[in-house]
Every structure is written in C-alpha cells, then in structure tokens.
Amino acid sequence: MAKAFTPGLTVTARTTYRARRVLPITGDVLVARGAQVKADTVVAQTFMEGDAFPMRAANILSANPKDLPGLMLKKLGDTVAKDEPIARSKGIFGMMKTEVKSAADGVLESISDATGMVIIRGPQHPVAVQAYVSGEVIEVIAGEGVVIENAVALIQGIFGVSGETHGPIAMANTAANDILDEAHITTAMKGCVVIGGARMTAAAIKKAKTVGAAAIVSGGIDDQDLRDFLGHDIGVAVTGSERTGITLIITEGFGDVAMAARTFKLLASHAGRVASVNGATQIRAGVMRPEIVIPLDAAHHGSGGGPAAAAGGAVAGVLEIGTSVRVIRDPYFGVLGTVAALPEQPAVLGSGSRARVLEVATVDGSRITVPRANVEVIDG
Amino acid sequence: MTAPHAASSTPSSPSGKAPPAPDRIQVIVATDCGSTTTKAILIELVDGHYRQTQRGEAPTTVEAPFADVTLGVTNSVTELQELSGRRLIADDGTVIRRTALTDPNGCDVYISTSSAGGGLQMMVAGVVRQMTAESAKRAALGAGAIVMDTIAANDNRKPHEQIQRIRELRPDMVLLSGGTDGGDQKKVVELAELIAPAKPRPRFGGEYQLPVIYAGNKDAAPAVARVFGAGFDLSIVPNLRPTLEAENLGPARDRIHDVFLEHVMAHAPGYDKLISWADAPIMPTPGAVGDILQTIARKRGINAVGVDIGGATTDVFSVFDGVFNRTVSANLGMSYSISNVCAEATMPRIMRWVHLPMDERELRNRVKNKMIRPTTIPQSLEALVFEQAVAREALRLSYEQHKAFATTLKGVQQQRTVGDAFSQQAGGGTLVNNMKLDLLVASGGVLSHAPRMEQTALMLIDSFEPEGFTELAKDSIFMMPHLGVLASVHPDAAMEVFEKDCLIFLGTCVAPHGEGKPGKQCFSWTLSGARSAQGTMAVGEMQVLPLAHHESCEMTVSPEKGFDMGTGPGKPVTRTVRGGTVGLILDARGRAIAVPNAENERRATIQKWLTALRVYE
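For the protein sequence lines, the chains are H and V, in the order given.
Each residue of the first sequence is one higher than the last, beginning at 1 in our numbering.
Each residue of the second sequence is one higher than the last, beginning at 381 in our numbering.
Bear in mind the hints are in silico, worked out from the structure with no lab data behind them.
Using N, Cα and C, we set each Cβ at its ideal position, and we do this for glycine too.
Don't take each hint at face value.
As the list claims (entries may be wrong) - In silico BS3-like pairs for lysine-lysine, Cα to Cα no more than 27 Å straight-line: (1) V:LYS598 with V:LYS790; (2) H:LYS38 with H:LYS190; (3) H:LYS101 with V:LYS790; (4) V:LYS679 with H:LYS97.
Stated by the list, open to error - Here are the simulated distance ranges between beta carbons: (5) H:ILE321 with V:ALA646: 42 to 52 Å; (6) V:PHE446 with H:THR16: 46 to 56 Å; (7) V:SER904 with H:HIS232: 34 to 44 Å.
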C-alpha cells in the first residue's frame, strides 16, 4: 500500500511524559530519586555569576593607566559597596583629589594597568528550576537537575507565546467551533488554563488577562489581534520569553479556524484537572511546539492501555489510505478528512508547480486533491 | 595559561591525506550536509569533459536518535551508487577510493561542505564600528559564518550592556580586531577586557574553551593574550586592518576555517569521522559558494552577484573588480522568517507586485500560517503570486543591505585631483554597481523551484534592478557549495561543471538606466548574428526576444537622451548577448522601477509586464 510521511502534532489521551529539568550551569539538586513533586516544586537551584561593571577608573582620575594600581583604595577580591570610593588621585599638593566610586555592590575583580579599566563583579543571581509537571523523579543528574516522569494526556499546539505556567482546566466554550469571546470569560477563571473553541478574540484575551487567567488555549487567533496584544509583530516564530502575564496557545493556526474536535473533546474530558502549559515555540532546526500536559491520576493510569491505543488507529507521521489528515494551507486550510488516494506520479497544481499530491475525502463528503506537503496527520 | 596558536599559512586536509593531482581525478563524490538534507553529487570525466552525472539526497543525521552526520552522507551517496551503478560505499559505510583509474568502482576524491547544526556562528568585535569592526565582520562573513553580533567601542552601547550581550550569546568563536599596526593599543585591549570577564560560553556544551581569534594591532597581542589568559583558546593572526588603507582578511579567514574544523566540527556529532573521510577540509556551505563565485569571476574576468534565498535567511555574494563580499540577511527568508519580510518591507510594498485582488487581513493570517508550517507549498496561483511578491521584497531588502555593506574602506583619506572637485565621494561608497554587473546567479527554493523560468527571471530583475547588459542564471540543483570546495582541489573541473551543469542560463536582461515619461521612446535596438531583428522600446515597456540557450548575438542598443547603457546618456552600445531558456529580456521601465500608485493603474501595469514575459501563462 502507498505510504508517505508528514509531520504531525501529538494529541494523545495517554502517554508517558518525561520532563528533563536542568540548570543552565551546575548547581544543587534539591530532590531525590523517587520523590513525588508538584508543578511548582523547586527541584534544583544555583547561582549565576553576577554582572560585570566596567569602570574607566584611570580616565576618571585623569591618571596614566600604569599608575592606577598605586591609586587604588581597594585590593583585588575586596568586597565593595555601591558608591564606595575604590580609587583616589593624588591631587595637586594633596588637594583637589578625585575619587572613583564603585558602580555597584560586588567584588573588585580586575585592575588593568594597560587600559586603566576596573571591573566590579556584582552579586550572584539565584536561579531556580521548578518541576513544571507533577510526577515522580526518576533520575537525578548530579549537579544539573532531574528527570520527572508521569502518565499524562498530551496536546501539542501549533504556536504559542509566553512560557511555562499551570492551573486547572476551565472550559469557556461548549463546542470546538465556537469563537472565544469576552462573554465566555468569568472571574472564576483566575489562575486557570482557559479552553476556547475556534478563534480567540482580542477582547477575550484582554478580559482573561484582567481576571488573572494563567493561559488560553484555543483553535486560532487573528494576526492583527496578536500584534495588538504583544505591541509588536512576530517576525520569526521563536517565542516563549514574552512577559505578557498570560500564556496563549493556538492548536490549529491563524485566522478563523476551529479546534480539532478530538483535541477539544480531550481537553473537555479533563476539565478541572491541573494542566501544565508552555507557549514556547521554536520553528527552526530542532522544532519546539507549545504544549498542554495533563498529569493523570490513578484512575486514568489504569485506562487506555498505552500510547498506541490512544492514537486512534493512525500511526503519527505516516500517510496511508484512511489516515486522518488536516489540510494546513489555503485554499483548503483547516479542512479535515481521510486520505483517499496517494498517486505515485507528481501532478500539476493550480500554481503551475509539479508536486506529489494526495486525495482527501473530506468530512463533508467531497473529494479534494492537495500537495502532500500541505497536510498533517491528526490522530483519530 | 593556554599558549596562543600561531596562524597556519594554508589549511591542509584535516585527514592528513593530500588529494590526488588533478590529472588523477576523474570521479568525484561531493556532499553538502545541510540543516535538513544531505545532498550528494557525482562528477565524472565523460569524453574528456567533467560533468555532473548523478545526484542523491537523504535526511541529515546530526540530531538524535542518529547523532552521526556520516549516516546521512552514506545514505545520500548510496543513492548515487544506485543511480550510477558504480559502487561507492564500502561495507563499513565509508566512501570507496579507487586505486587505479581503470577501477569501475569507487571515486578518486571525496569532498564535503556543511551547514548542519546552524552552520558557523560567530561574534566579532572591533574598535571602531565603521572600520576594524566592519573589516572583522567582512572576514567572518567571507569565511561563511553567521555574525550574531558586532561589538565595537562606538556601537552606542554602554560597556556593561556590551558585557551583558556577550554573556547572552553562545558563539562558536570570537574574532577580535582593532587598531592599525603600530597605532593605539589601549582601545583593543579594553575590548578584550570586556569580552574576557563576560566569559561567553561556546554553543556546543562547555567541554572546550571558547576559541578567540585575535587579528588586531600586532603590538597589542601580548597584552591581549594576558587579558584572555587561561579559559580561552586564543589564536593570534596578522592584523586584518594593518593600515587604514588596507584590509588583509586572508589570514583571519583561514584561521576561522581551521578553528571551524578543529573545534566546532570536531564537537558536532560524527564530524570527526567525516573529516577523516574527506580529501579536503570541510568548508562551511556559504564559504564554498563564495569561493566558486570568486573563481568564476576571476576566470571569466567579470563582475558577478549570487543570491541564495532560503527559508530563514538570504545570502548575497558579490565580486566587483575582484573584491569579494558576502552578506547574510538574517530573518529575510521565505518560510521561517516570511513574517519578518512582511514586517520589514511593509504590506503595501509587497502588494505593489500583485496583479490579483487579495484581502490583506486574510493574507496576513496566511503569512503567519506559512511561518508556523514552513514546509507547505503554494497550491493556487494566487498563493504563488503572493509568495513571489514577498520574495521580490526579501531579495530587494537583502540586496540593499549588501550594497550598504560592500563598500570601499571607511576612514581612508581620499586623495583627490582637480577633476574630483565636482564629484567628491567619501570613503565607504558601495562597490556594487549594477551597470557593471555581468552575471546574476539565483538559488534557493522560491527562485529555483518557480514553475516557470520567466518567473525566476522577473523576480531577479524586479528586485535587483540590473542595468545595461546582465546575464541571468539559476543554480539548477544548488550545486555551488560542492563546486566551491571542488575548486580548492581541481579548479578546472569545478569551472567546467559550473558552466555546463550547474547553471541554467535564463537569458540576458537589457535595461538602460534613467527615467522618462511612459510611452516616450526609451531605446532602439538591432540584433545581428544568430538572429537578425530590430525595433524600439517605449518607456514602461517590457519585451522578450527569443534567443536560445546556446545562441548569442551582436546587439546594439541606442538609448534616448536621459537613458544610459553604460557609456553615458544617449550613447549607443554594442555587445555580444547570450540567450537562455527565457531569451533576451528588454526592460524599458527605467531605473529605479516605478510602479503606479493608483490601484487600477498599478494592477494594469503589472499585468502588462507579466503578459509581456508570459510569466503566469
């Protein structure tokens, strides 16, 4: 049987999720193997070297750099306070002396007799890594961090902004093709991961932020609304560091597009449960998609029978007759269906290009031909 | 303290093997390990001529679970083996070399380039932004690097901001320059004193010391070495700006290549094996493209521009009067960064190239959808027209950036004569001169895979606005990287394959410089030789004359007053012109190309040009 491969996003009711939580530099791991952690448990911490504050001390003193060491009031390694004198000129006949005052609290790190520069190293910055997802610590990486494992429901979005957060799932819409508007947002959603259906409107985002929601997950967003929310356009899809106060994730794409029914249903089935979400997206080599991770309780642990059972009969990434797909490019953007044919020979598209195509039997009963590059596999 | 390395004069094959003499080379296997695909080509001596005979490709395997670049190489070369019937891969997966020219299996030389894992990423620093820092940037770009940031004493950032920035970056290496030989030492040592305490960490883990190449005032080298001390792998090479009037980029570029192999490549998965397989140093892909363009320009005695428009970035290479320049326009690309192109160019400038009615809000969402699903392709004509409009602006912006960078040396005292009194030009004028441009080469998906050659030709003309007589060509299968590294082993073979198999000549663009009233005569022309014809062109018109790939003609163009073909306004010019798959393209739109503002008139004008060139037939 004809087969092809295409990228797909994971939407699964049960899978084993491992979160590798490590420090950017070596430090202390605070939890032991076998420990149960919550999303906000600090699992490792360290201190980053402080900022360096260069000061042109010889210039300030109007001195030759070579003479600077003799004019220093502090030695290398001395602790200094902001505005504390660290060097002083000899002045004229002992009068009119000029001082160099420390630019920051810290330690005197270097004195250059070549350039007259002095560097103060500021205090260390504490860095802490949280668990992000509740579960069991299955591995301790000495001096770096831990690996946490849990059985979860996992949904990958297509694009997001802002980073990690967590909160209980609150369903704002009742159907996957409902637009998420401000009327659907209530004060009870404070701290929640709010689930919409189709496009999230600018007013809905604004209100969700006002009520203190942790995140919004919905089918789509209008580009203009996203720009207005961020205050700037996104030129390249490398996100996660925005400080917007709320994480946004879209599961399908930009524009008026409904959330895939299976995704909506899966999220709805976990309403009230705590989900960990991360909007960070990186669409370059080493693709990173935003995610919604819902740790399962013991009752869920026993159900499902493993990831393969949750895949709804389709193997992610493989296109074959009967595979459920979604068209991801105009003129059929968002159309759902199943693969009806995989012709071997390339076909001439409306654009005039030749490309390998497939035929899709759509859910509304029609049959369309699209380039293989323009579909993605969806589960179930 | 780590002893600084002295510069090596010429890079040698890292495998320790010397490549065979050119007359012993008849079968060549070359690979380019890209971020996503490893492309292999087979070049053979056929009836006394070097020809590219087969190509194969396979996914690149630098990331988990494979984490060994040579697997992708083996797979792509295996495809060559299957297509050619020549055994090229041994049982252990290595590339087979033949011991005798009569051996039907194996190859004589195996060479490779690489941009996998994000290519070579560098930070450069120089004392004065417009002088030594710019020279350092030129050296890094010319070596094929992506320049993450340029730190300079006068870059309008405070020292602690510079240190913070250096800390954030994770470059593969740092190039530090500053001061002319015998000049001020203090400033460049100060720069070293900013970089050293920032303690930038190398991109690939923390197991090795960050390489720093010092190419500044030679008298300051001992002080710079003291500042970096232990913790850095410092190399000292000759000053890349020994005097204000001279640039000496060669030693710094060579050292960058060496460090790329010794450190960056050696820490990437499987590259130690790849290096040992290859008969010549592995080159960064853009560095190899630059080398082949320089070889072509030198051998043919021409000025040439090459462009490679990718999903994330656009590289522009130029050789004018023997001076090579390369720029990388980060975030001007057709998929990952298409949204940034729209933001930088602005939607009205993109839409000026579109002759079909389109809804702007809908287009903005489509742009974002392309950004988040970068591998999709245009299915409808409307989508293709829009993407090609975006490409025109991405190319135009990249070329603008290139023109601003490819300049004569700044800060140089100009010696003037009385004749210069009325046309004084300060140092730093662009080297790019479209009237002197002889060859414009296109590569990259949107240009290479356009359904019609006419589309590629018009995208090039609209965005680069070549003047006078300019040959247009495209790289058939993105073979320039392979030929760039081949040029280091067998320049004649590289040239021959470049001319015969790499380039598809689209034709010659004939376009006078100047402005005029639409409808008035712009120039008259006569053709003789392979074809005889004559005619006139009115301002605003375009026309294609048939002239096939292997044909050439004598052409005389007589511009009207106010239009210039390179010898002065109104002066006729006779040149031999080369044909191509499109033909001879007569462009009387003037320079700069003016598109009407009124919507209906604009669309009608664009439609007229598209029809003249049969762009979307």
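Next item on the list: Please flag the earlier hints that this structure goes against, numbers listed from lowest up.
Entry: Result: hints 3, 4, 6 and 7 break, sorted rising.
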